Amino acid sequence: MASELGVSEGARAGTGVSGGAGSDSASGTSWGSRLGSGSGSGSRSGSGSGSGSRSGTGSGSRSGSGSGSGSGSGSGSRSGTGSGSDSRSGSGSDSGSHSGSGSDSRSGTGSGSRSGSVSGSRSGSGSGSGTGGGSSSGSGSGSSPSGTKLDGRVERGNQTRRLVLRRTVDIASVEGLDALSVGRIATELKLSKSGVFALFGSKEELQLATIRAAGRIFLDAVVEPATQSPPGLGRVWQLCARWLDYSEQRVFPGGCFFYGVIAEFDAREGAVHDALVRADRDWTGQVERCVAEARDTGELHPDTDVPQVAFELIALMETANAHSVLHDEPAIYRRAGVAITARLRAAATDPSLVPQLNSSLSASASPGLP
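Per my numbering: the sequence shown = residues 74 to 443.
These are computed hints drawn from the structure, not numbers from a lab.
Bear in mind that the values here come from a model prediction, so they are computed numbers and not experimental data.
For every residue, glycine included, the Cβ atom is placed at its ideal position computed from N, Cα and C.
You can take every hint at face value.
Derived Cβ-Cβ restraints for the label pairs, each shown as a range: (1) P303 with S275: 43 to 51 Å; (2) R408 with D376: 24 to 32 Å; (3) E277 with R226: 19 to 27 Å; (4) A388 with D251: 24 to 32 Å; (5) Q429 with H346: 40 to 48 Å; (6) E402 with D339: 20 to 28 Å; (7) P424 with G268: 56 to 64 Å; (8) E248 with E342: 17 to 25 Å; (9) V411 with V227: 49 to 57 Å; (10) P380 with G268: 43 to 51 Å; (11) G274 with A252: 13 to 21 Å; (12) E402 with G256: 34 to 42 Å.
Let the sequences and hints guide you as you build the complete structure.
See below:
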């Protein structure tokens, strides 16, 4: 019968990091453009001396002034490893291939720019072999401006959801789940209808969320406190006493939430009916487990019919709830307590193990309860 009082809603925009790093400029230093912020300083036509760049002034450049220029007889091919002039127009013995020992990529090792600043751009250095190792894209780390800085919208949505569900469980416990509507809740809580609809999407989903919320409240009020007691007759008694107290104290204004809405949907079909069936089975199963534990610890007779005892205990509790709500008669809870005590003692191996019935069934006002 666990519920979900709030579902965090993720922001629509995630933390995106842009694709490639480094700007798409031909040269220079980029500063975190959309494609990154690299710091490479090399241009497409590097300027290193003697590095064999496409337009450098050192030896082996394509059109430099040193030996081995594009038309000279100096050493250095376009990007080869042999000695000799540029094979494109030189007269030397150019034996270099188009790509030397350096990688003939368009960019060097500069991070972020499209072209690096290392020696060994498109043509090799010295004897014609480039040593640049740059890749086509740098390693700049520029990111897009779409971060995930929270602006409180998710938390506000969760708060609104809790506010709505606290109201719907109260309405449903008195008027039934069919009394719920997005328009009514928006009007009563002074919220926008579109805002409430965005949280739930339909009346049926509002009803289902209300059932889950009521289940969470029920667990907090009845099941979890009772299971703090050790397994045995004490736990069985605590479970029954907590349930009677939950109904008598009107945790929900209409008494037990589930008793009322199950009667409303028991002969229908659909998701709401199925959710209530699961909730009812969960509660019955909880009572049966506690009774079985008491039998297994030896506090109930070994031949105890666990489902039968659980059925009788639940019947006594629900009857007390129905009569109290109908007649506004709190004394009925004590009658139910007397009947529960008698039933447990009849099945106990030692009747003294069943807690004594105090003047009040309220757990908070009954220090004698285990």
